[in-house]
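Undergrad: Chains as they are written, first to last, in this note's numbering: chain A, 1 to 349; chain B, 1 to 395.
Treat the hints with care, as some may be off.
[As the list claims (entries may be wrong)] A short list of chain A residues far from chain B (calculated; beta carbon distances all over 12 Å): (1) L47; (2) M58; (3) G79; (4) E111; (5) G150; (6) G177; (7) P225.
[What the hints assert, rightly or not] Sample of chain A residues lacking proximity to chain B, with all beta carbon distances greater than 12 Å (derived): (8) G17; (9) R48; (10) E49; (11) A54; (12) V65; (13) T142; (14) V145; (15) G171; (16) A219.
[Stated by the list, open to error] The calculated DSBU-like cross-link candidates involving lysine-lysine, where the alpha carbons are at most 30 Å apart (straight line), are: (17) B:K128 with A:K149; (18) B:K128 with A:K143; (19) A:K143 with B:K351; (20) B:K351 with B:K306; (21) B:K126 with A:K149.
Quick caveat, the hints were computed from the structure, so don't treat them as lab data. Predicted model only: the values in this text are computed from it and were never measured. Beta carbons: idealized from backbone N, C-alpha and C, even for Gly.
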Amino acid sequence: MSAVRKGYVRPIDFKRGLVDMSHGSGGRAMAQLIDELFVEAFDNSWLREMNDQARLPMPSGRLVVATDSHVVSPLFFPGGDIGCLSVHGTVNDVAMAGARPLYLTSGFILEEGFPLADLKRIVDSMAAAAKQAGVAIVTGDTKVVERGKGDGVFINTTGVGVVAEGIEISGDRARPGDAILVSGTMGDHGVAIMSLRENLTFETTIRSDTAALHGLVAAMIAAVPTIHCLRDPTRGGLATTLNEIARQSDCGMRLEESAIPVRSEVAAACEFLGLDPLYVANEGKLVAICARNDAQRLLEAMRAHPLGRDAAKVGEVVEDAHHFVQMRTGFGGSRMVDWLAGEQLPRIC
Amino acid sequence: MKYVDEFRDGGLARTIAARIAAEVRPDRTYHFMEFCGGHTHAISRYGVTDLLPANVVMVHGPGCPVCVLPIGRIDMAIELVLASPPTPLRKAGCGPSGRGPSRSLCTYADTMRVPASGGLSLMKAKAKGADIRMVYSASDALRIAREEPDREVVFLAIGFETTTPPTALVVREAAALGLTNFTVFCNHVLTPSAIAHILESPEVRDLGTVVIDGFVGPAHVSTIIGSQPYDYFAEEYRKPVVIAGFEPLDVMQAIEMLVRQVNDGRAEVENEFTRAVTPEGNARAKALVADVFELRRAFEWRGLGKVPYSALRLKEQWASFDAERRFTMTERSVADNKACECGAILRGVKKPTDCKVFGTVCTPETPIGSCMVSSEGACAAHYTYGRFRSEASTA
Ligand code: SF4
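Using the sequences and the hints given, assemble the complete structure.
TA: So this is what it looks like as structure tokens:
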């Protein structure tokens, strides 16, 4: 039920209006924004109760919770925007435990002066992504910061899901001899974003791969319930993800460069910018580690799913007290794929 | 990827590797220095050394413009734009604090992390409130100066011969536009003088004999200056030089050419990179540089010390675009950490792992010496790509 009676207030001007401090004040303007924008877009019975919390039924199994704050520039990019990204990112974090995501919460930090039309576009995109992923956005929060103190919009989402008993997927379960698989091409999201950055605009047809992966994960678990690790290689890319797992599992990794799928446009853009695609972000890909004997079955299950069509086996887990990730280069030598020192920045020469 | 993949072909690499193996004499060792960080990077990133016989040793040179930028110069840049500069600067009595925020420093991304005095770097100075902006080209800096006429925009120009012409170009453009709020803090350095310094500076005698049997010469630099400037080394020091591109196959091919020269007893300048390098280089670019810049008598290189006639500054005629003339900036020299072996490493006398602080105190996150500063430095390249080789034995 609406907190503001229709007829007494003029509807929000979503074409020309701007976010102002009153939208975060807790007063009427905020109630109206929540009502006309968020509740309208996310629409579900929990949200419509208009409480500060949501009371939710839980199916049996273990609870999985993940939270993620989304700051991205630019807010709109080829293949997506911060709205769908904030849904996919958290849904994927929940899914990487082998869980089924059920609910999301969303916190918005808006900058004074931000066009309401853009906000509406973002919220609608979030709603569509949540609907497609089959998760409900059940509660939320809105704050407004002064002009210059934010970057348009920041979105925090927290996801809740359930994982069935018996499924034990965790970053510390990789064992020497295991196979390392990826679900598709690496670096698409990062390159799509960078192609729009100020001063860097270059022509590319690359679109962000942003997508919710729990459907793919469900298909994978159906084929191989004993998957050891799953993780989505977002910021820091494949290299960082594998280094994290190597450390958690107290092992090393050996990769085969020529087996790692990278689109040629992504490779070319990275070449141009002096970046390494293995460190570039993905938003719709996952890394899976499983027993060597299960690898083929898992790979086939991945390839049968639309989001895993380009899946490939890229290496294996090895024993290594130093937790090094090594790679045989396409050139025939070997090198490390180390943690990134600081941020990956374009080189000058 | 056309024009790139063909220079990374593993099959071709094996063929060249086999030819090199057949060519080398088993009774001797070959030490070749790749001067340029681009080569160091390619060698480490593609694992080129794995394909070479054990008696062909690659020695990493100083050729990374970010690595050789001395601490003092970064301090000067920070001082220009930060209200309260790092302590050592204040002690040196370099002007009042409180520079105010109306100055902006524009710089290439990879200089942002170079450590300066007082625990600062450009990145840290930015966090402290200095207006420091990352740009991808000299013309971006010029654009900012045009768009924000109320700010003093200083472009921190660094790099070898490759990046010099674009800097020259923006100085001329700024003059043509009549801009009064744009200056260049020039740190452009020259490769041939540094190579000469490596071969015969006084430190070489202190540090021991440098075993270098030949050089892999820098490719991009030579697209500008041509291969001719290297003739001198070949003749004077009896060292073969092969100018090579930055793809791993280019490097392999250059090594093969160097081995052959050594075996034949020749010392010539050869050009592997014929797809872009000519003996004379790019006449237009050279003329542009000659119009705007002149030689500095000496310039400090991080890790190498003062190297005579190894850097450029703006000519008197362009003085109003020279940050060093326009603002009060005091030249200073800040010594490298005592433990640091960079001097020996940059000259090819020692390897990164010979340094006591390698990988412990000195890492890419906390670089102490110049070789660890950018990913193209010898220590950083070994740390990032090759550390597993030395660590494997201690596992
Ligand atoms: S490890 Fe660090 S301190 Fe030692 S030589 Fe290399 S850069 Fe210098």
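Undergrad: If a hint holds in the structure, say so; if it does not, say that too.
TA: Against the structure, the hints come out as follows:
Look at L47 of chain A: its CB is around 39 Å from the nearest CB on chain B, clear of 12 Å, so calling it non-interface holds up. Even its closest Cβ contact with chain B, about 43 Å, leaves M58 of chain A beyond 12 Å, as expected for a residue assigned away from the interface. At roughly 22 Å from the closest C-beta of chain B, the C-beta of G79 of chain A stays outside 12 Å, upholding its exclusion from the interface. For E111 of chain A, the shortest C-beta to C-beta distance to chain B comes to about 20 Å, beyond the 12 Å cut-off, and the non-interface label holds.
For G150 of chain A, the requirement that its beta carbon stay farther than 12 Å from each beta carbon of chain B is met, with the minimum near 18 Å. With a least beta-carbon separation of about 18 Å from chain B, G177 of chain A lies farther than 12 Å from that chain, consistent with its non-interface assignment. A cut-off of 12 Å between C-beta atoms confirms that P225 of chain A is not in contact with chain B; the least separation is 34 Å. Separation of G17 of chain A from chain B is adequate, the least Cβ-Cβ distance of about 29 Å exceeding the 12 Å criterion.
The claim that R48 of chain A is not at the interface with chain B holds, since no C-beta of that chain comes within 12 Å of its own (minimum 44 Å). The beta carbon of E49 of chain A is kept farther than 12 Å from every beta carbon of chain B, the shortest such distance being approximately 44 Å. No Cβ of chain B approaches the Cβ of A54 of chain A within 12 Å, the least distance being about 39 Å, so the stated non-interface status holds. Interface exclusion of V65 of chain A from chain B stands, the closest Cβ pair being 31 Å apart, more than 12 Å.
For T142 of chain A, the condition that its CB be more than 12 Å from all CB atoms of chain B holds, with the nearest at approximately 29 Å. With a minimum CB-CB distance of about 19 Å to chain B, V145 of chain A clears the 12 Å threshold, and the non-interface call stands. Remark: the non-interface label on G171 of chain A is consistent with the geometry, its nearest Cβ contact in chain B lying 21 Å away (cut-off 12 Å). The Cβ of A219 of chain A sits about 33 Å from the closest Cβ of chain B, beyond the 12 Å cut-off, so the non-interface label holds.
About 16 Å separates the Cα atoms of K128 of chain B and K149 of chain A, which keeps this hinted pair within 30 Å; it holds. Of the pairs offered as hints, the one joining K128 of chain B and K143 of chain A holds, with about 27 Å between alpha carbons and a cut-off of 30 Å not exceeded. At roughly 55 Å between alpha-carbon atoms, K143 of chain A and K351 of chain B are farther apart than 30 Å, so this suggested pair is violated. Straight-line distance between C-alpha atoms of K351 of chain B and K306 of chain B comes to about 22 Å, which keeps the hinted pair within the 30 Å bound.
Between K126 of chain B and K149 of chain A the alpha-carbon distance is near 16 Å, which keeps this suggested pair within the 30 Å criterion.
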